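Asker: Sequence:
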Amino acid sequence: WDPIHKEVDPSGDVPPGIILRFTNTFGNSGGVPAVNAVIEDILDVRLLNPFDITCFGGGTIPDDTGVNPPIACNAVYIPGVPAGSGGTITWTFPLVPAGFQSKVSFRAQVDPLSPEGYVINNYVSITAPGLPTATSNVTINTVRHESMLVVEKQVNKTTAEVGDHLKYTITVKNKSTTAPVPAPIRVVDILPQGFRYVAGSARLDNIPFPDPVISNGGQTLTWNDIGSIPASGSKGMASPTFPMYSNWATVRVKFDKSIFRDCQTVIGKVFIDENDNRIHDDSEIGVPGVRLYLEDGTFVITDSEGKYHFECIKFGTHVLKADRSSLPDGVEIESTWSRFMGDNDSQFIDLKGGGLFKANFRVIPRDIEKEIFDIVIIPRQDIKSAESKAKKVIKTVVFF
1 WDPIHKEVDP SGDVPPGIIL RFTNTFGNSG GVPAVNAVIE DILDVRLLNP
51 FDITCFGGGT IPDDTGVNPP IACNAVYIPG VPAGSGGTIT WTFPLVPAGF
101 QSKVSFRAQV DPLSPEGYVI NNYVSITAPG LPTATSNVTI NTVRHESMLV
151 VEKQVNKTTA EVGDHLKYTI TVKNKSTTAP VPAPIRVVDI LPQGFRYVAG
201 SARLDNIPFP DPVISNGGQT LTWNDIGSIP ASGSKGMASP TFPMYSNWAT
251 VRVKFDKSIF RDCQTVIGKV FIDENDNRIH DDSEIGVPGV RLYLEDGTFV
301 ITDSEGKYHF ECIKFGTHVL KADRSSLPDG VEIESTWSRF MGDNDSQFID
351 LKGGGLFKAN FRVIPRDIEK EIFDIVIIPR QDIKSAESKA KKVIKTVVFF
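The sequence shown runs 1 to 400 under the numbering used here.
Derived from the structure by calculation, the hints contain no laboratory data. Take these hints with a grain of salt, some might be off.
To be verified - Think about it this way: if two alpha-carbon atoms lie no more than 27 Å apart in a straight line, the pair counts; the simulated DSS-like pairs of lysine-lysine are:
1. Lys-307 <-> Lys-352
2. Lys-307 <-> Lys-321
3. Lys-167 <-> Lys-103
4. Lys-6 <-> Lys-103
Note that the structure is predicted; figures quoted are calculated from it, not measured.
Please put together the full structure from these sequences, using the hints given.
Answerer: Structural data, given as structure tokens:
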């Protein structure tokens with residue numbers, strides 16, 4: 001017997017109550033006719049009320065090869081045989097000529113009460129007196145319920161770095177407008193590799209909620225009961241008699257190589273040390289327009305507040321230098337601490353990881369007694385006004 005093949009349409013996952021069409025292809029590949037051949041198809045117990053059976057009650061089927069004339073056939077359906085099955089369909093053929101090939105088929109309904117995940121296997125066999133029995137392949141259908149539950153997942157960031165905190169929001173909805181989804185409703189969340197749940201962070205409808213059961217090395221979070229979800233506009237409807245499963249919801253976060261892994265951000269300020277205490281006080285103003293260099297030529301210019309930053313500078317020791325020519329007239333840079341290189345304009349910065357690295361430059365007036373100075377930074381158009389104020393106190397006036 002060749003071919004002997006079975007197909008089902010639709011295949012794969014199917015909902016309860018759907019109609020399936022099964023098609024059995026067979027052929028006599030031998031050199032002599034087969035007499036009184038029989039095809040037997042035992043149905044799964046969840047396949048109900050077979051109909052549209054080829055040759056049911058008698059008839060003929062054509063030769064798909066076009067070589068032989070149609071042959072007689074007769075089909076019968078015997079429910080409940082064998083016990084525990086959905087019954088048996090049998091096709092008999094008084095004569096199957098050599099080289100003959102054709103198909104027989106039927107349709108059946110998947111039991112509407114089939115449980116979630118139920119697997120329907122089906123195959124067919126053919127035999128004739130004096131010939132061996134041949135068995136087809138097995139078709140497989142898995143029952144999947146269209147759940148009333150729908151789950152959605154969102155995250156507050158689409159990119160993240162090492163150490164970032166992400167807020168995931170999981171929304172579980174009941175699609176039904178008539179039937180509630182009863183408790184318990186279990187929520188399972190699988191975290192990406194390297195992510196860890198923050199204890200005490202769970203909320204249900206913005207109210208603190210117990211932490212989940214954590215398994216799989218911290219990757220799987222399970223809340224075994226988040227309560228029930230009512231239907232929209234109705235109450236007290238009957239609960240479903242089978243388990244319901246929602247879809248899987250996913251959300252993508254792009255993991256960027258963090259600046260805290262092999263590089264660091266350098267920040268700082270070029271400021272006027274008005275009280276000469278060698279540190280930056282909140283009231284002390286910055287110097288804009290100062291150019292700062294690294295040893296590789298990378299540079300920045302301080303902003304209107306005298307602030308600057310270099311992003312993602314590789315770990316290690318670097319030299320940070322202020323360009324004297326970019327300073328306003330009448331001021332100079334004075335070293336602040338030991339990491340200056342004996343040159344007030346340059347300092348070492350030693351990057352080893354962690355948070356931000358701060359490197360300030362302090363500016364003082366040139367050749368002025370430090371105990372008696374004030375510093376004023378004003379626009380050039382106000383030069384005369386500023387100079388007129390320098391009477392009792394020596395002032396350094398910086399123009400920009």
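Asker: Determine which of the earlier numbered hints do not hold for this structure and return their numbers in increasing order.
Answerer: 3
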